[in-house]
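J.: Using the hints provided, position chains C, Y, A and L with the ligands relative to the given structure of chain R.
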Amino acid sequence: RPRGPETIKIGLNVELTGSIPVVGASCKNAAELAVEEVNNAGGLEVGGRKYKIELLIEDNEDKKESAAAAAQKLNAAGVLVMIGPNASRNAIPAAEVAEANKMPMISPWSTNPKTTLDAATGQPKKYVMRACFIDDFQGVVAAKFAITELKVQKPAVLYAVDSEYNKGIAEIFKKTMEESGVPVVAFESYTTGDKDFSAQLTKIIQAGADSLFLPNYYTEVPLQVQQAHKLGFKGVIFGSDSWGAVELIDLCGADCEGYFFTTHYAPDIATPKAQAFIKAYEAKYGKIPDDVAALTYDAFGLAFQAIQAAGKIDREAVNQALHNIARYEGVTGVMQFKGTGDPVKSAVVLQIKGGKFVYYTTAQP
Amino acid sequence: MQGFIQQVLNALQVGSVYALIALGYTMVYGIIRLINFAHGDIFMVSTYVAFFVGTALASYLLGLSGLLLFVLTLIASMFATSLLAVLIERFAYKPLRYAPRVSAVITALGVGLFLENFTLATIGPDPRFLPRFFTVQTYTVGGVAFSNIQMIIIVVSALVMLVLDTVVRRTMVGMAMRAVSWDKFTAPLMGVPVDRIISITFAIGASIAAVGGCLYGMVYTIDPYMGIRIGWWAFISAVVGGIGNIRGAMLGGYILGFVEIFTPVILPASSYRDFVAFSILLMLLIFRPYGILGRPVAQKV
Amino acid sequence: MTTDDVVLSVQDLHVSYGVIRALKGISFEVRRGEIVTLIGANGAGKSTTLRAISRLVPIQQGTIVFEGVDLRNIPPHEVTAMGISHVPEGRGIFANLTVQENLKLATWGKKDQREIEQAYERVFSLFPRLKERRNQLAGTLSGGEQQMLAVARALMRGGRLMLLDEPSMGLAPVLVREIFDVLREINAAGTTILLVEQNARQALKLAHRGYVLETGTIVLSGTSQELMDNPRVKEAYLGG
Amino acid sequence: MKERRSVVDNALRPVRALYVAAVRPIQEAYNALPASVRRWTMPAVLLLGFLLSLAAPSLINLYWQQVLIYVGINIILAASLNLINGYMGEFSVGHAGFMAVGAYVASIMTVWVFPRMGLKEAVPYLFPLALTIGGLAAGLTGLVVAIPSFRTRGDYLAIVTLAWNMIVKSVLENLDVVGGPRGFMGMQKLTNLPWVFVWVVVTIYLLRNLIYSNLGRGILSIREDEIASSLVSVDTRRVKIVAFVISSFFAGVAGGLFAHIIQFIDPRTFSILKSTDVLVMVYLGGIGSLGGSILGASIYTILMELLRPLQVWRWVVGPLLLVLLMIFRPRGIMGLREWGFLIPKEERPAFVDALREQVRQKREPAAVPAGASE
Amino acid sequence: MPLLQIRGLTHYFGGLRAVHNFNLDLEPGELVGIIGPNGAGKTTVFNLITGVYRPTAGEILFNGHSLVGKRPDQIIAMGIARTFQTIRLFKDLSVLDNVRIAHFAQTSYGVMDALFRLPRYRREEAEIRERAMELLDLMGLADQANWVASSLPYGLQRRLEIARALATEPRLLLLDEPAAGMNPGEITELMDLIQWIRRQFNLTIILIEHQMRVVMGICERIKVMDFGETIAEGTPTEVQNNPRVIEAYLGEEAIV
Ligand SMILES: Nc1ncnc2c1ncn2[C@@H]1O[C@H](COP(=O)(O)OP(=O)(O)OP(=O)(O)O)[C@@H](O)[C@H]1O
Ligand SMILES: Nc1ncnc2c1ncn2[C@@H]1O[C@H](COP(=O)(O)OP(=O)(O)OP(=O)(O)O)[C@@H](O)[C@H]1O
Ligand SMILES: [Mg+2]
Ligand SMILES: [Mg+2]
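Protein chains in written order, with the working numbering: chain R, 10 to 374; chain C, 3 to 303; chain Y, 53 to 292; chain A, 906 to 1279; chain L, 2 to 257.
Check before you lean on any hint, since a few could be wrong.
[As the list claims (entries may be wrong)] Straight-line C-alpha distance at most 30 Å; calculated DSSO-like pairs for lysine-lysine:
1) R/K296 x R/K282
2) R/K59 x R/K243
3) A/K1094 x R/K134
4) Y/K183 x Y/K156
5) L/K92 x C/K186
6) C/K96 x Y/K156
7) L/K92 x C/K96
8) L/K92 x Y/K76
9) R/K134 x R/K163
10) R/K243 x R/K160
11) R/K111 x A/K1094
12) A/K1094 x R/K135
13) A/K1250 x L/K71
14) C/K186 x Y/K257
15) R/K18 x R/K243
16) C/K186 x Y/K183
17) A/K1250 x R/K347
18) R/K135 x R/K347
19) R/K183 x R/K111
20) Y/K183 x C/K96
21) Y/K286 x C/K186
22) A/K1250 x R/K111
23) R/K160 x R/K61
24) R/K59 x R/K321
25) R/K18 x R/K183
No lab work stands behind these hints: they were computed from the structure.
Just chain R, with the same shape it has in the complex (with noise of 0.2 Å):
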């Protein structure tokens, strides 16, 4: 008999209750679908042995100290790689654990720099990966668009001032904006759970704005732009990844129709791959997955493959494995290492239109 564990053990360290449950269910269901996927398939193949996949669940509730605490749980059950935590904020603590006890850890969705970072050194982490292009790059992006293709002169801002990964957006976005010669006229911002934005939107039009950007949550973006339009807003408004749920047309209706957001693929141009986790997503969960889901389902992706180039069950070779990746084909576009945990990606700009999200440009790193 083969020698070993009969199971690989992988933990996710998600946000299932707290302030963003969305991200934490979209999170889970797209990691239930890869290990299903995988053990329908007869499991998960290893040096010539299949093995099962055991997903180990633990809801971080959105906060560090139990973000931090579940790593060290995951570590102690010893899973052979953590996917998760998805908001920085608790990727970061979870980071440290994971580089603390050489347990790799693959971050969905986490987009602040400082995830991979050791704070110490400024040095990259050893352990710590992640699925997503970071902040500064999808900020330039769509400071790049908004000058280009939608020729916008006097764009306003609103963003969540409480949260690290809008204000990091809207900040730069705002300077590359003011480098490429077109001030922004407003720069408002509101705190994450606010529900009216009346105010600040009464002021961005009387900055006379001509165009809006707004890095913020699908969940809240509909309020956004259905009170500006109620208050007389013409003009272009778009945003960034966080747009990318198709809850975002339901509850927006026809006030999204045309606006444009940066983000990590396009399902209709998608490649086969995507198109088939689309599917299989649509399927069992009745709705198009998410930006969270597709970049939680590459980080499985990465995962499985880092496991199978290993070829054996142990961090240390899976790590290595996961660094020795140099591109990687997930449902979110082309990923390429370079000797870091950020992947260098391209960035789409999807356009709303008649209820779908229709490729519009894609953007280079």
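T.: Just chains C, Y, A and L with the ligands now, with coordinates in the frame of chain R:
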């Protein structure tokens, strides 16, 4: 100037919702000195009831006018929410009626967490809108934009509050509520059925929250955690106005609405909004230590 | 007298507060038209007896029968509707209501407007001070004024049996007398009274009969005169 | 209600009997020991605890070490909040605000100040100093709440504390030097079990000393009756300042410890939700009891860890348990009671009885007034 | 020099005149009674003296120092103590703690002394404990030192309240209806007690009371108030025979 009027309208809309929720806080507090931290979540439940009832009604009773559907939904939501509040009172708070005050407060925190997460676990985290019972119409008058729904929110809230204020001030039930709030041991000696009065109070507070919830759901999205923030803000409104005081709750709600809307307007950078808003609050309580309409409990030495 | 005349009959009443046994099986009765007083030292259980009758405290054992009805399973707000009014110890006025509202609340459940009007008139003529202050918050009344309000409220409630718990506490002498006069008046008008008093001398002067309570048991009973002449009562409760 | 409680009581009776049967003999045996031996019990227990905390890495896995560290931090938070909410009878809901100040200041010390003073190597040794400075900074901000508390009480003061919590969070969000919403990091993992153990002991010891001093009794008297307390000469302002400053000092220390185990802090960590967590621990354990805070923090933290496998349902089951507990034990587990060993010797009844005898013998009996003599 | 001088003391609650032009000169060692109908303003006078309310007008000098504008705890620390019309003990605390708290103004050790149990703390605490025990012993409460205050019988609660007031080491003691809720037997005891503490602690006392037996029995001088005004002043006999007092307060029949 038109910008100013625009913002006043915005503030009234937000403030009306706060005021409606704050009323529930204040009433329950007024009668059993309980900070009912679950109230924000009761409000949340009311919007979900409205969501399901409204969607069902809209699909079965296609022919009816939107306004009628809305009223039916509202009544259903008020009823269900009151029932929930009365049940919560009966099972979670009543056993603690003669216990130290804070134990009930902690229980309320627990009930709130339970409601939030139970909704999350069973219904899921996705935000939703209530069905559109009638179309939103935006009017622009002299550069000021306002919608029919906004007007409905402002007017209906004001009416509800006026009615409630009259009830508490003028009717026997209102008097009984105040009496129970002062001394629930003596009230029965006057023939006042204390348990029933408390249940009525919870029911009224919850139905007002449901009114708030249905109006709110017409313009904002609903989700399982929506009650947390609005609950806190409504609580603050109630206290700022003078907790236990109906008019205080209304006033507090409007004040908070204005603070929330006007601080980002006046500030150069809106990111300081919370800082300024809460500093104003802090100052206000330093100068009016018992809220605006509140007064120190009449106590003889 | 026949048993029909017994308005209130208490048999073998036991009441505890947690581990404290406040009443250890007391029995007594009050007949129609009587003024009966309970006297006893602090903590003897006098207030507890009244509270038990009003059903404000749970009964461990024993029966309380009012006009033939066992009160055991009747909630307090219904007891008062049956015709028992209670002036509680420490007044129990609603400090956050005005004087007028306090009085009005006491008419809870009463429908007859004319009767209510008459009750107001009666109360205001007995206590003109309350009329003066009727829009003042009751909590800011002086101690004596509050006591007047408490009695006035019970009068508003009316009823055939009135329980009074130390109505003279903290009152000016002239008012003590006034209150006692009022009690005599309402008794003459047909209300039966069960009175608890520290001021035993005054109470016995007013009452027809009395019971002496010591640490939860009745140790003596008799007509007022008998009690006043009793050396033990003299020593302990009448100040020698 | 009555019946239900007795059902629970009955169900617990065997448990209690078992407990008594197990503990009584030990207690008796212990009491039979000579006083000279008993004097050394507490130091010995503490030493043992400290040694165990040193040995922890070889006894339990990292996960449980982490959980125990959280337990310790939460004990400090709960005990210090208990000073305000339990002993002084106020209702503060903004404890996380003070924790935040301590966390940021202590982190700035270890990440920037000490290294820039050329003490980079010494940072681990300077950790207690960093925590103390963090605590002091937090303590200083305690004045922000103490001063309004001169005039504002109860639920109004609750809003002041809430506002304070929000203000701190908002300021931190706007302070780009410390990372704004992106947070602050770079702290070494300096918090470990031995350190936490030491700080918990120090906190409990100092709080105990305060509570059993006349200042502490002043704090209690404010809870009981503020007006009466000022009318028996208690300087309520001073007492409030002391209480708030000390309470926030320890909240700050807890914040510093927190920052150096998580190694990353951001404003959101110290939101009102954190404050309510601590509130729950305090009332779960019982007000006016340091033992209660120790129990409350431990039970809450460990229970929520044990419920982890329930995922989303954890936050359905946890609150439900909390509600049930409050219904059956309204004063919390130890409300207004205290473990004997947390009470200084000279405050225990036996000591007071002895003192009474002493006083009696010193005084000639003639002075007793006629009426007062029985 | 008088110990306490009150000049033109006036207090309004909103529009209600609770005290008007109240004057009092109190020599050391005196025992003065204040009587008057309910709501006359007696308790308000005590509240004004002890700083609970700030007078609308008037001056209060204690030992030549003005009390107006001072906080209650400062006034108490200057040597005035009081009891309350309705008992206000620290109910959940022990009898001993109730008395120890009242030593607050006499404690001079600081927070650091307390936190680290420095010698100064130990010394003063021991002193306080001892003094408190002595006081309790004197007041016949020593056996109940460990009881929770609320578990004391009513009479002893009154006594504890007095003990607590005495612990502040007052020169002037204000007693607000100490006999309320006592039966005649207990009242006799109380009268003895008041006389005794007066001698024992060298006190000057102002007493508010409705029990004429007490007032007439132990006060040397009596002030009678009605509607905030002083309507009479004098020895017990003078006051008892004053027609205004009889009309407003005592009533026609002589009272016990
Ligand atoms: N709510 C309560 N909880 C616990 N014990 C109580 C309570 N009320 C009264 N007791 C106790 O019950 C006993 C009887 O009290 P009760 O109030 O009936 O006495 P009382 O005769 O009215 O005395 P008083 O003259 O002081 O009013 C006393 O020992 C008292 O301490
Ligand atoms: N805080 C307050 N607010 C408003 N009015 C008050 C307040 N305190 C007292 N009063 C009023 O002031 C008047 C004097 O009250 P005070 O308590 O001094 O009377 P008192 O002479 O002590 O009477 P009693 O003998 O009944 O205790 C009363 O009419 C009372 O209603
Ligand atoms: Mg009594
Ligand atoms: Mg008085």
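J.: Please write out, lowest number first, the hints stated earlier that are contradicted by the structure.
T.: Violated: hints 2, 9, 13, 14, 15, 17, 19, 20, 21, 22, 23 and 25.
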